Structure formats: C-alpha cells, structure tokens
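K.L.:
Read top to bottom, the protein sequences are chains Y and B. According to the working numbering, the first sequence is numbered sequentially starting from 2. According to the working numbering, the second sequence is numbered sequentially starting from 2.
Worth double-checking, as some hints may not be accurate.
Any copy will do: because identical chains look the same in the list, a pair fits if it lies in one copy or spans two.
What the hints assert, rightly or not - Dumping the calculated SDA-like pairs for lysine to any residue here, alpha-carbon to alpha-carbon at most 25 Å: (1) Lys-108 x Gly-125; (2) Lys-187 x Gly-43; (3) Lys-108 x Ile-8; (4) Lys-108 x Gly-160; (5) Lys-187 x Pro-78.
Keep in mind that the hints were calculated from the coordinates and are not lab data. Being a predicted model, the structure only gives us computed values, none of them experimental.
2 protein chains.
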Amino acid sequence: MDAPGPITILLSRFEDLVSAGLRSLIGADASLRIVASDVDAGRLDALIAEHAPRVTILNFGLLRAPAELRRLHAAHPATHVIVLANHPTPGECSQLLALGATACLGKDVQGRDVLNAIHLASRGLHVLPHSTPANSGVGLLPDVLTPREADVLDQLQLGRSNGEIAQALCVSVETVRTHARSVFRKLGVHNRRELSGLSRAR
Amino acid sequence: MDAPGPITILLSRFEDLVSAGLRSLIGADASLRIVASDVDAGRLDALIAEHAPRVTILNFGLLRAPAELRRLHAAHPATHVIVLANHPTPGECSQLLALGATACLGKDVQGRDVLNAIHLASRGLHVLPHSTPANSGVGLLPDVLTPREADVLDQLQLGRSNGEIAQALCVSVETVRTHARSVFRKLGVHNRRELSGLSRAR
DNA sequence: TCTTCGGGGGAGGCGCGGTTCACCCTTCGG
DNA sequence: CCGAAGGGTGAACCGCGCCTCCCCCGAAGA
Numbered sequence: 002m003d004a005p006g007p008i009t010i011l012l013s014r015f016e017d018l019v020s021a022g023l024r025s026l027i028g029a030d031a032s033l034r035i036v037a038s039d040v041d042a043g044r045l046d047a048l049i050a051e052h053a054p055r056v057t058i059l060n061f062g063l064l065r066a067p068a069e070l071r072r073l074h075a076a077h078p079a080t081h082v083i084v085l086a087n088h089p090t091p092g093e094c095s096q097l098l099a100l101g102a103t104a105c106l107g108k109d110v111q112g113r114d115v116l117n118a119i120h121l122a123s124r125g126l127h128v129l130p131h132s133t134p135a136n137s138g139v140g141l142l143p144d145v146l147t148p149r150e151a152d153v154l155d156q157l158q159l160g161r162s163n164g165e166i167a168q169a170l171c172v173s174v175e176t177v178r179t180h181a182r183s184v185f186r187k188l189g190v191h192n193r194r195e196l197s198g199l200s201r202a203r
Numbered sequence: 002m003d004a005p006g007p008i009t010i011l012l013s014r015f016e017d018l019v020s021a022g023l024r025s026l027i028g029a030d031a032s033l034r035i036v037a038s039d040v041d042a043g044r045l046d047a048l049i050a051e052h053a054p055r056v057t058i059l060n061f062g063l064l065r066a067p068a069e070l071r072r073l074h075a076a077h078p079a080t081h082v083i084v085l086a087n088h089p090t091p092g093e094c095s096q097l098l099a100l101g102a103t104a105c106l107g108k109d110v111q112g113r114d115v116l117n118a119i120h121l122a123s124r125g126l127h128v129l130p131h132s133t134p135a136n137s138g139v140g141l142l143p144d145v146l147t148p149r150e151a152d153v154l155d156q157l158q159l160g161r162s163n164g165e166i167a168q169a170l171c172v173s174v175e176t177v178r179t180h181a182r183s184v185f186r187k188l189g190v191h192n193r194r195e196l197s198g199l200s201r202a203r
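Full structure from sequences and hints, please.
P.N.:
Pasting the structure below:
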C-alpha cells in the first residue's frame, strides 16, 4: 500500500537487557530499520537531525526532566517519539503526550506490543498503557519533579552548594534544602555524589 | 506464554464495505476470531454477555448518544471496546475514552493499523488517532467526567427529573443543574433527549 | 569548634479543581 | 399562566499539590 521504505528508528540508550531486547524485536520485523542505537542524551539532537528517523524510542530515565521532551519535540517535529518508562502512571503518560510524545509504554509491555506501537506511532497514532480507573487513584503517586525541583536539580548537577543555589534561585537555603530532599527522594538517591553518578551520561 | 487462545472479537453493525473489510482483515490474522458480527445496537448487550469477547469493535454511528458507551462499558467491563468513528476529533476521542472506550479510530485508518490496534486494545492499551498540531497536548484528556458528574449522568440516563436526581443524591436542585450542564457540555449534547434514548433501549 | 550536608516534621500561603448553592435569563409544553 | 428544563454567571467552601520557610537532629569535614 504505502511502503515508501522501512520505518527508520532511533533508539536512545537503555539498560543493556532492554536495549538488546528492542534490537532483537525490531530486527525481526523487515519493515523496521534501526538507524542509530544507544544514543546518549547529549547526542540525541545531532543524531535525530542527521538521520531524521520516523520514530525515536526514548528512555524516560534518560530525561533530566520531562520538560526536556518538549524541547526535543519542538526541535524535531517530524519524528514520532515513543517514551519507554518503567511504570508510568496515567498522569505521567498524559503529561508526556502533552509535552510532545506520540506514545508512552511501560518497560514491562510485551514484545509484540512494542512492534504494534511502533507501527501505529510511525503514522502518528497515540498509544498509551491501560489505565484502570478503579485503582488508578490509589497507590502509585507521580514521581515527576515539580518545576522548582527541576530548577534545583539543574543547580545540583552543576555542583553548586545549597547556599549558591539559594542565591541563584532567589530563595532561602531552607527552601533549597526542602526541594533537594524531594529531588533525592523522587530520584532514589541519597546525596549529591549518587546524583552525579546518574547524570554522568550527559 | 500468553496465548490461551485466539482473541475473540465482536463486530457491531457497520456499513457493508467497512464490515466486509474488517472481516477480511481479521480473518487473515490467525490469532483473531470473530464470534459475532453485524450486531445491532439492540442486541449488543445480549451478544456481549453471551460470547464475552475480548474485544468489541463498535460503530460510532450506531450509538444514539456517546453516553450509551458508558452503560455498555459498565455492564461489560471485561471486553475492550474499540470505537470506529468517521472522522473523530481529539475532543470526541477523549470523551469516548472517558466513557470507557479502550481505543478510538477513524474509518480512514489503514488495515494494518486496525490489526495492531486490536492486539493492543485486547490487552487494555489505549490507541488514539493522531492529534492535530493545533491543539495537540493541551486539551487531550481534561474532558473527563468528575465522579459527581458521572452520578448525575447515571440518574439522567434513568430518565429522572432534576428534582428526583436532587433527592436521590441528597443535594439541591441547583447543584444537579450545575452538574447536568457540565455533563452536557463535556459530552457534546444539549439536552436529555440527545443524551438518552437508551434508558428504554435495553 | 564550626559549617555544611542529609533527614525529619510542620506551618502558612497560594492556586486550582470539584462540589454545592444562588441568582439571572429564555424556551417549551400542558 | 406556570412549571420544568436549559444556559449563563458567580460566590463560597474544601482538599490537594506546590512553594516557601522554620524548627529539630545527627554525621562528616575543615
């Protein structure tokens, strides 16, 4: 019908097992072709611009903040972004779609679901995980950083002290400490050192 | 690992060409099996109850009102409903999802998209058409009924008057009118008549 | 000893959405 | 004419999340 060529795919960096699984799945589908894989956050822009992939599969954990997706989508509107997150909540998914993602999947989806989602997303159709209205309100809370927490995270990743951050953001040191605590808790780290280990990939 | 049998599908009544196309497409996929087709609105309940299909593909034009979907979903929560509409707007799609649909597609989608969507929807994943860039992101999901509005909708579908609803919900008539206005606005109808020919349809 | 950092709790304010209710108006049908 | 329904506006309250700041404590280092 309308197969002007294979669907070109760019894979961001994932955990090794996830990455291997994705490459294996996609390799088995003749209509899909990977043009780049294991792409770090820092090289995303350049490689998307170079290859202009129909689909970009993005590791949610690679994003400093969800808002970064917005910049990516604005810079490369032609590529459809599928975000792979660990256990996305309905709130997160809608937020990701609002920021420009075309699809949002959990890393626990089945392989054939990924392939189906790639085909649909390549033509712009949205795919979201199932939401169970019965229990969606209970349990999982959105682990997304608030705007202010993202600001503090930026400063933390620059190696600033609490006092310096307070000056930069024009708030008290106590406020910075509050935000930093939330950032640490949400990101699952305990101090600046573990945080810099996470962002080394940039 | 998870192929306990074919995905059972119930097809509502469609235009002849659409119906033939759907049956042909689905017949070509060995993992799909049609348990009923060309089902009228009046027989939907009985046949869904009888066959308990994993997926029901519903003709949007068959619905007397979008709200009827809500009753269907409430009565048969185990079946995933894919709504096929002619040219669904993003607003309509969000309403359909709010009313219990799992996926929403236009009748102009490609055949392989339908198959992909069936597989995804059979496991509860949402599929939506591409949203126009004009209003993409914002406004995709917010038109969901609040719990109280859903209560009022239930009462409205029972043919109750504002006063009766007020008594049933233990609130003032003015409150009922406020909620009813919101329900009408969110569902795109203007009065009880458009909302409910379904109270006597079953 | 002193500061900085991490962790805990809590208070006050602000904005937003949901709920409830109130007033106004027009339209329609018995 | 009168009552019900539909449409518009707005006020009040409440809960929640976010932001800001304060207090407490203990650990680590200069």
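K.L.:
Against this structure, judge whether each hint is valid.
P.N.:
Evaluation of the provided hints:
1. Lys-108 x Gly-125: both (21 Å within a copy, 15 Å between copies)
2. Lys-187 x Gly-43: within (23 Å within a copy, 42 Å between copies)
3. Lys-108 x Ile-8: both (21 Å within a copy, 23 Å between copies)
4. Lys-108 x Gly-160: The answer is neither: 32 Å in one copy and 45 Å across copies each exceed 25 Å.
5. Lys-187 x Pro-78: within (22 Å within a copy, 30 Å between copies)
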